[in-house]
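Protein chains: 2
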Amino acid sequence: MLDPEEVALNVANGRVLAEEVRSDRDVPPFTNSAMDGYAVRAADTMGASELAPVRLAVLGEIRAGLAPPTTVRPATALRIMTGAVMPEGADAVVRVEDTAERDDQVEVRAAVTAGLSVRRAGTDIRRGDVIATAGRVVTPGLIGVIASVGRRTIACIRRPRVLLLTTGDELRDAGEALGPGQITNTNRYTLRAALDDVGAEVLDVGVARDTRADLVERLRSAQNADLVVSTGGVSMGAYDLVRALIEDREAVDFWQVALRPGKPLLVGSVEGRPLIGLPGNPVSALVGVELFVRPAVLKMQGRTDYERPRLSAITEDRLVNPPHLEQYFRGIAHREGDRILVRLTGDQGSHVLRSMADANCLIVVPQGTSEIAAGEAVAIIPLGPIG
Amino acid sequence: MLDPEEVALNVANGRVLAEEVRSDRDVPPFTNSAMDGYAVRAADTMGASELAPVRLAVLGEIRAGLAPPTTVRPATALRIMTGAVMPEGADAVVRVEDTAERDDQVEVRAAVTAGLSVRRAGTDIRRGDVIATAGRVVTPGLIGVIASVGRRTIACIRRPRVLLLTTGDELRDAGEALGPGQITNTNRYTLRAALDDVGAEVLDVGVARDTRADLVERLRSAQNADLVVSTGGVSMGAYDLVRALIEDREAVDFWQVALRPGKPLLVGSVEGRPLIGLPGNPVSALVGVELFVRPAVLKMQGRTDYERPRLSAITEDRLVNPPHLEQYFRGIAHREGDRILVRLTGDQGSHVLRSMADANCLIVVPQGTSEIAAGEAVAIIPLGPIG
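The listed protein sequences derive, respectively, from chains A and B.
One point on numbering: in the numbering used here, the residue at position 164 of the first sequence is 164, and numbering is uninterrupted.
One point on numbering: in the numbering used here, the residue at position 74 of the second sequence is 74, and numbering is uninterrupted.
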């Protein structure tokens, strides 16, 4: 988990609290009316009804934000607005719908009991109450509660700075013309967006060409980052320079994971910072973000919900798996009554980014399972709401 | 739905496409290797195995981003990296794990069939293919697909500009000292955050004091907005100036909705712009955002998924409802096996913002229902993921 920093309430939405927030006051700060109406002594309204209204003298009114002009004595009332201070002497509010006012007199057409439509000071929050614990995700509602206890800033866990490095001589930016053998560097765009989605501050150091010197130069900025995410250069080939560099520095934690897509994934460190070396295939890279980078970035921010919930669904396609791997198919799930049905997004090749773009979930086939027939239950990881 | 605008791909995440995107090219743009290994003629590997390897002359190598140095003739191979251009003559790739190279010769220890580990040009996307239709929400994966067809910007629906006006003499900003009868203006903070969450550009015109002149002055900026959202001033009271103003201008579409919390809600227009007048109670205001403002803001951006999916849950609390109203209780839902259980977040008074801050869902009790017993099924609207 990273250090805390002080954040203004109006930009704290979605951040993670780094402090326990206690109230320095009662909320509401004073006893007030829950309705527009008349502040009365409940006893004065006994027996009042549509047919037998009670008449009370109106002594004046209390608007929100102002002090009451006087107290309520027997057989009198003060006109009162929602949220205005309850005057001394009154113990209930008759709502305006149950009254009619004429010539400084109000006709009360319904009896009220003591306490009706009155919000007592401190009934929401008491001075000293803990209103939020460290680790909570800040929501619009929580921002309001924190504002209500007098705060205008709060300590939140700092957002992780993630160095993003894409590698490969063949890569060109979006919109650049492609020469022979060249392709567009989609990872630079997809990963930037996926990192934005989880609250990272992305430090994009561009594309490392396939020389160790360029790689080393660009990775120097890792000193300014909390996490390094790279794509490409982690496979078996002679030009897999990311792996070679981290191996030569004896900084590999592990390399190769028994999953598909994304098997060549490397986890290690560079310049003393953790590094997740994703494969260069665009689907492998995005699945690697989902399974490794997203949880890491969320956890660094103090989030405890860094694992997405898994749901049970019925697969409409037959799923075949080499049993030594855990496989993540890209799926489209939809609800049908109480069930969720899921189908594949076409060609599941790890270079077919379309399969990821069209997906709203990953379908998990565990290690040891070689086949799941159509109609059987599977676990899915929703990537967004499932309609 | 608002007008489109051209948006750079690296900031388009979460926006809504305003155009049909077609590919100007085949993807992949050229036939390439899916593996690090050797480009060969499949026929040359016939019968190759661990015990009876086949030897081929290595003519050179093909790195990603470069053109092949030569063609592959019978009994020869080219070393090839993942993503590199398949050379003429070769029709398959033997992965590096199934080979050993020495003295310009490669020992192939597994037979391959034609097409193995080869990605043919255009197998992901064909030139002219529609890769995304107008109305799609832009995701990291979709950004990648759009980049891969040569685009660096896309037409997206403009983000709605929402004028946010809070009203009331009693309101003070967060951190300001409170005088008698004054409260903190939590709505200004909660609504700002809730509007941010749905992609609105918030134009905060501050707090209107309880005079018509101030209200009129601040609402003049509505001309620059697509939607006006106000809080307070829509109830039955004598100082409910928002309602009075819109009524006097004969611009009320409807006032009062049979729901709790949030009954006094007003919908109309001001300066020719739609206005949603939310009640001043902080819970009523946030529930009003959820039920009325959020769908409006999403729909303006071209989103078709502006209604959140409703799920079925088992209530752990008894829910009592005046049957002439539809009621939205604030709840905490959690999964237990295949079921979702939901309980109330304490005091459900419409001023108790804590009930909203602690909630991860709304519990819907429909009109006509006066009671739901503990253990019965209810519909819930998740406000975020349910763990």
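Because the hints were derived from the structure by calculation, they are not lab data.
These figures come from a predicted structure and were not determined experimentally.
Where is the CB? At the ideal position from N, CA and C, for every residue including glycine.
Check the hints yourself; a few may be wrong.
Stated by the list, open to error - Some residues of chain B that are not near chain A, with every Cβ distance over 10 angstroms (derived):
no.: 1; residue: 13
no.: 2; residue: 19
no.: 3; residue: 58
no.: 4; residue: 74
no.: 5; residue: 89
no.: 6; residue: 100
no.: 7; residue: 109
no.: 8; residue: 119
no.: 9; residue: 155
no.: 10; residue: 201
no.: 11; residue: 217
no.: 12; residue: 218
no.: 13; residue: 223
no.: 14; residue: 295
no.: 15; residue: 335
Unchecked claim - Computed beta-carbon distance windows for the label pairs:
no.: 16; chain 1: A; residue 1: 8; chain 2: B; residue 2: 258; range: 33 to 43 angstroms
no.: 17; chain 1: A; residue 1: 339; chain 2: B; residue 2: 60; range: 33 to 43 angstroms
no.: 18; chain 1: B; residue 1: 175; chain 2: A; residue 2: 376; range: 23 to 33 angstroms
no.: 19; chain 1: A; residue 1: 254; chain 2: B; residue 2: 55; range: 47 to 57 angstroms
no.: 20; chain 1: A; residue 1: 100; chain 2: B; residue 2: 253; range: 25 to 35 angstroms
no.: 21; chain 1: B; residue 1: 134; chain 2: A; residue 2: 250; range: 50 to 60 angstroms
no.: 22; chain 1: B; residue 1: 316; chain 2: A; residue 2: 244; range: 33 to 43 angstroms
We went through each hint and held it up to the structure:
no., hint, result
1, 13, "violated (4 angstroms)"
2, 19, "holds (16 angstroms)"
3, 58, "holds (12 angstroms)"
4, 74, "holds (24 angstroms)"
5, 89, "holds (17 angstroms)"
6, 100, "holds (13 angstroms)"
7, 109, "holds (15 angstroms)"
8, 119, "violated (6 angstroms)"
9, 155, "holds (15 angstroms)"
10, 201, "holds (14 angstroms)"
11, 217, "holds (19 angstroms)"
12, 218, "holds (17 angstroms)"
13, 223, "holds (24 angstroms)"
14, 295, "holds (14 angstroms)"
15, 335, "violated (7 angstroms)"
16, A:8 x B:258: 33 to 43 angstroms, "holds (38 angstroms)"
17, A:339 x B:60: 33 to 43 angstroms, "violated (56 angstroms)"
18, B:175 x A:376: 23 to 33 angstroms, "violated (57 angstroms)"
19, A:254 x B:55: 47 to 57 angstroms, "violated (35 angstroms)"
20, A:100 x B:253: 25 to 35 angstroms, "holds (28 angstroms)"
21, B:134 x A:250: 50 to 60 angstroms, "holds (52 angstroms)"
22, B:316 x A:244: 33 to 43 angstroms, "violated (57 angstroms)"
Consistency with the previously given hints fails for numbers 1, 8, 15, 17, 18, 19, 22, ordered from lowest to highest.
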